[in-house]
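Chains as they are written, first to last, in my numbering: chain A, 1 to 308; chain B, 1 to 297; chain C, 1 to 253; chain D, 1 to 253; chain E, 1 to 247.
Quick caveat, the hints were computed from the structure, so don't treat them as lab data. C-beta atoms are modelled at their ideal positions from N, C-alpha and C, and glycine is treated no differently. Please note that a few of the clues may not be correct.
Distance ranges between label pairs, derived from CB positions [claimed, not checked]:
1. B:D168 to A:V295: 19 to 29 angstroms
2. B:V51 to A:I152: 23 to 33 angstroms
3. E:F77 to A:T72: 33 to 43 angstroms
4. B:Q48 to D:S151: 50 to 60 angstroms
5. D:E189 to C:R112: 45 to 55 angstroms
6. A:E180 to D:E231: 52 to 62 angstroms
7. B:V51 to D:P60: 48 to 58 angstroms
8. D:K65 to C:D24: 49 to 59 angstroms
9. A:R30 to D:N18: 25 to 35 angstroms
In case you want the letters, here they are:
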Amino acid sequence: MKDLSEESLSDENGGIKGIFEKGAGLGGRRRMQALWFGFFRGAALINGFALGLILFFMFSRGWQAISWEFLTQPPRDSMTAGGIFPCIIGTLGLALGAIAVALPIGVASAIYLNEYASSGKIMRIIRLGISNLAGVPSVVFGLFGLAFFCIILGMGVSLAAGALTLGAMTLPVIIGATEEALKSVPDTYREASLGLGATRWQTIWRVVLPSALPGILTGAILGISRAAGETAPIMFTAAVFFTPKIPSSIMDEVMALPYHIYVLATAGTSIEQTRPLQYGTALVLIALVLGMNLVAIIYRSKLRKKMR
Amino acid sequence: MAVLRNRTEKAIHWLFLGIATVSIGILVLIMFFLFHEGLPIFKTVTVQEFVLGHYWYPTDDPSDFGILPLIVASLFVTLLSAMISIPLGVMTAVYLSEIASRKVAEIVKPVVELLAALPSVVIGFFGMVLVGPFLQKTFGIPIGLNLFNASLMLAFMSVPTICSIAEDALYSVPDSLREASLALGATELETIVKVIVPAGLSGISTAIILGMSRAIGETMVVLMVAGGAAMLPGSIFDPVRPMPASIASEMAEAPFRGEHYHALFAIGIVLFLFTMAFNLVADQIAQRYRQSGEASL
Amino acid sequence: MEKKWKMQAKGLNFYYGNFQALYDIDLGFRERDVTALIGPSGCGKSTFLRCLNRMNDLIPISRVKGEVLLDDNNIYAPSVDVVRLRRKIGMVFQKPNPFPKTIFENVAYGLRVNGVRDKNIIAGQVEKSLRQAALWEEVKDRLHESALGMSGGQQQRLCIARALAVEPEVLLMDEPASALDPLATQKIEELIHELKRFYSIIIVTHNMQQAARVSDTTAFFYMGRIIEVDETDTIFTNPKNKQTEEYITGRFG
Amino acid sequence: MEKKWKMQAKGLNFYYGNFQALYDIDLGFRERDVTALIGPSGCGKSTFLRCLNRMNDLIPISRVKGEVLLDDNNIYAPSVDVVRLRRKIGMVFQKPNPFPKTIFENVAYGLRVNGVRDKNIIAGQVEKSLRQAALWEEVKDRLHESALGMSGGQQQRLCIARALAVEPEVLLMDEPASALDPLATQKIEELIHELKRFYSIIIVTHNMQQAARVSDTTAFFYMGRIIEVDETDTIFTNPKNKQTEEYITGRFG
Amino acid sequence: ERLSINGSTTVLPAAQKLAEAFMKVRPDVTVSVAGGGSGNGIKAIVDGTTHVGNSSRFIRNSEVRMAVEKDTYPVPFRIGLDCIVPVVHPDNPVKDLSLDQLRDMYTGKIRNWKEVGGRDMRVVVISRDSSSGTFESWGDLVMNKQRVVPSALTVPSNGGLVQAVTTTPGAIGYIALGYVNKDVKMVSVDGVMGSEENTISGRYPISRPLFMFTRGWPEGVTLDFINFVFSKKGQEEVKASGSIPVY
Ligand SMILES: Nc1ncnc2c1ncn2[C@@H]1O[C@H](COP(=O)(O)OP(=O)(O)OP(=O)(O)O)[C@@H](O)[C@H]1O
Ligand SMILES: Nc1ncnc2c1ncn2[C@@H]1O[C@H](COP(=O)(O)OP(=O)(O)OP(=O)(O)O)[C@@H](O)[C@H]1O
Ligand SMILES: [Mg+2]
Ligand SMILES: [Mg+2]
Ligand SMILES: O=P([O-])([O-])[O-]
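Kindly generate the complete structure, drawing on both the sequences and the hints.
Here it is in structure tokens:
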């Protein structure tokens, strides 16, 4: 028996009349495909390359700066020496504060949107509003925070004002993640629960939320990491150049990692001398943010596997 | 008992509705404050002078509040970054959803997500201390901090947005269309180009618009990398001062409710209107797409 | 007609937005009787079934006209407490859908949400329901393991036990065996035979033979209307309507 | 046995990862003959059908052992060009899946990707295929409207026309009428009758009566194996195997 | 207790050193220091968001007016002296520029270094952003109120300007004396080199005083700090930071 090769599948042999271009066509089509697939793969590679490049430079230039002292001491000598402890604390404070604001509001909003609201014009407007909120530039959040929290509410430049501003900015992230998590809870769970005489709230509390919890947590982690990495919203609302002690109340100003990088790199007293500190701070920030993201990504992919 | 239960249910419902309105309330508040703090500048200058004026000297006496150079700068960096990020983002999306094996996709996707997670200040820092000098050397240009550098950095920030939304769109193209095309003797490339991408086009457009919206609003990158010259650029290697950069660098010096302060909020309004327009367009496209999706049932 | 009507639909019309899914349905269900609803895909069987415990209330665009009586009370009357109603009318779905909880908690769920706190009562009721669902022997040693680890057939019987635990009066089943293999299907059918001693059962099925095997009465739906309803034997041996006959003999659907 | 074998599966085994979905399938398909594949859900009918045009190649974890011959050539031989092979073996799916393009472009698609540029040839071939699919009269005035605006039955016939346009030799159909209403189903069945004059047709169906009506040969699958294959009349009136009989009479599945 | 200091980047090195030294003698006080430019410092005084506002220029009339409207009376303390020096890239051969040449470069009239005796190379004008006191002094003392070309790169601080000049071969910039280091090359103005000596003697044409502002007459910790600034130890810190102390 002979193989079904190129020839035996050719047009003459297959009984198809002469409307198709003969054999020549396919080789070209294949070559075209190989070429383009090369481009597509290349595009994907560039992403990895970009990430790798940034991480490589930050790591190779920053790791020498990292030491126990760097992580646990305040800056000294006009910020040309010492550590970044207050920045780490400030950033953690801001991010946790932001999530403390955004998580309850975001989750409750998502529950309303997904479990209670009936579709309609009003819903459409609310949704549109939330998607627009997600699109508001971070610097505009900063303006808002400055005008509303710092000045109108009299909080001044403070941890509280910064956390609230970041919280407002994180809100759409939380709402989005929670909605996705709620949507992935099969409707049959809801119907089964309601069919047993549970109320809507009982259904949400006992069946829907427990199933959605991991997804919501993932969203929360991503929200924290986003808040931790933002600079523009805290520039006018929370962060200062230098304050060596740990904030004693939420009305205190704080130092923060992203802002610290920015000022050291653009407005420090001796930019060139403090380069290692800048790289070191950037590395700490990256480790913090990407670490959280990695946790969230791994957690989520585990979840997805379990769901299957 | 039933009455009590009903009342609790109602109360919970209203509570959640209340909280959901808070989320929208924030948007309303943002708009309110932007306009409230921004509009008074138009007592000093006309809208036309503001938007079309060529000179931005906010602290001179007499001062000039013309933001055309800032608007043009924002648009240019956005467009240039889009020219880099659209092909890169869409092609990566195609690769992830159509070409890569599951294993490879499982590695590449987190990479894209991590790229999205990199804080903007880190990207700005990278552009400032490494890319700038590199561009200076390779292109022999006088200034490393310029429109091109900023666009490049912005592109890396919007690629993940574009890629992940576009990938969703491609992924949601039903397998049945893929199979139908292959079963007719189309190659994979032909299937992608002629069937999958057209079918996912509205999702891809949404992705592109949202990516550009992210780029135009991004602050730290343009603040650190664009060079900060408030002029109309003559080449892609000229320094520029996009709107967010101006707001971020000048807000701290503008005394509360002085002219400069109002002018910066007014820039915020312009920026907000831009991103809002982008979002509305994206929403429109997504909406239309959903409707045609239903119609196909 | 020795048995009295447990439930009755009277002049029931149902709409999804502008699309009318049910037209003037008049259909009664007797006490301790099994009624099968058959008909081609999309004819409205599930929609009708879900009208009987007002599960369709959840669909925002839907609208009902007409009455459904449970023991002579209209369940669509404004004063009716839907939550209470649903407890009286158990429901089993096409695909087994146990909650991601333990076997025990799955069965106890309906009791808990209905305010039962006493541990002994709950434990007793769980055992009773699992026995009724012919599952007790298989799971009594792993009550506190996750229900998701069970086989499909076991899961479906668990869902039945879960529905029984709140002691409903009527049991609605929407293609309860269509996702199961022949053996599990057989078990479910036997179970229905058992349960019919205590409950009124209404079952939707695509499988004509199943309808013939388990039901006392069969109603044939077509395009949102009831075409024919009669004793199951009569329907399958001597249908009056031509469409019914064509459907039963597999001419279409 | 007047007609010769168009396709033959020989000792075909198929695996999804570790799960073996097909066991030692030996089955031949005659020229200009309709073969029906029947069997309960999950028995491997679709899997087998998709082995015949190597559509399963797309599933990364899948593995094939054995041979499938098309005109005595093994389609799984390494030198075979899958793209070309698929052009020779048309496929129609369970749900109508027209491309979101115009009616004309849907039918022309296969020609275009296969390198036909001449407008007249394309137009002629589109008309011919639509006529063969008994759709021409209904759509000739709206060829340039979107295919998504058609009814389900029309869409399915469009998909058939689309498959015919590239002049395949074999036509695979996986439950082509299961998403359609009785009238549309009837049209499709009539169409199969017509097409069988030119093509070898292999059709998967859940509907026993449909198998009986349209096919010359019927193969009964069960758990990945062929239990029985014979002339359709024989299978339905006088099956040799007990499982076949039970399935046909609706005892299970 | 907390004390916040905000403003001029010219004063920043001094303020930072003073803050650290002050916290040594008064461990009960937390001092926070922010930069950003003189405008930021004065604005913070006007808005009441800081205790001490640094500035490398005097307060403008409009700012005083605004402050008074808000019931604040800014009180200036002249804590030191500084001169502004033009700087170029270390590889640039140009050694001296006249005030007129500097002005023409900053208004965009001179675009190439060869016009002032340098290499054939484009002049990259680097300036400070509008919040800078140095920028304002430069405008008064060099520009004669003419505007800096819009194409000038703007940087937010003295340090940033050093950074920009270091990496840009064709750059011309201006910084406070305290920021001069080996990475940039000082250029003399009309033949006079910027230095402490030449500034005190008044020969160097571009010099200005440095201020710290308080909200009203200082009290409590703020007063203690201001007193510390004018103490011997405090003035030593000012000198150590590169600025010129008042005594
Ligand atoms: N949520 C819904 N919104 C709009 N239309 C719906 C909805 N659910 C069902 N329908 C429509 O109502 C009609 C009846 O649907 P139903 O699910 O009751 O049919 P069925 O007899 O149960 O079919 P099957 O045997 O396939 O389950 C169908 O035409 C269906 O498309
Ligand atoms: N992509 C896949 N990956 C893993 N297993 C699969 C895959 N597709 C099908 N299977 C399994 O292979 C077996 C045969 O599936 P197949 O779809 O061929 O059945 P079928 O006879 O067509 O059923 P139906 O009548 O429901 O369409 C089933 O057990 C199914 O779960
Ligand atoms: Mg149904
Ligand atoms: Mg199948
Ligand atoms: O001293 P300045 O930073 O305001 O120039």
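Cross-check of the supplied hints:
no., hint, in the structure
1, B:D168 to A:V295: 19 to 29 angstroms, "23 angstroms, holds"
2, B:V51 to A:I152: 23 to 33 angstroms, "28 angstroms, holds"
3, E:F77 to A:T72: 33 to 43 angstroms, "36 angstroms, holds"
4, B:Q48 to D:S151: 50 to 60 angstroms, "56 angstroms, holds"
5, D:E189 to C:R112: 45 to 55 angstroms, "53 angstroms, holds"
6, A:E180 to D:E231: 52 to 62 angstroms, "54 angstroms, holds"
7, B:V51 to D:P60: 48 to 58 angstroms, "55 angstroms, holds"
8, D:K65 to C:D24: 49 to 59 angstroms, "58 angstroms, holds"
9, A:R30 to D:N18: 25 to 35 angstroms, "33 angstroms, holds"
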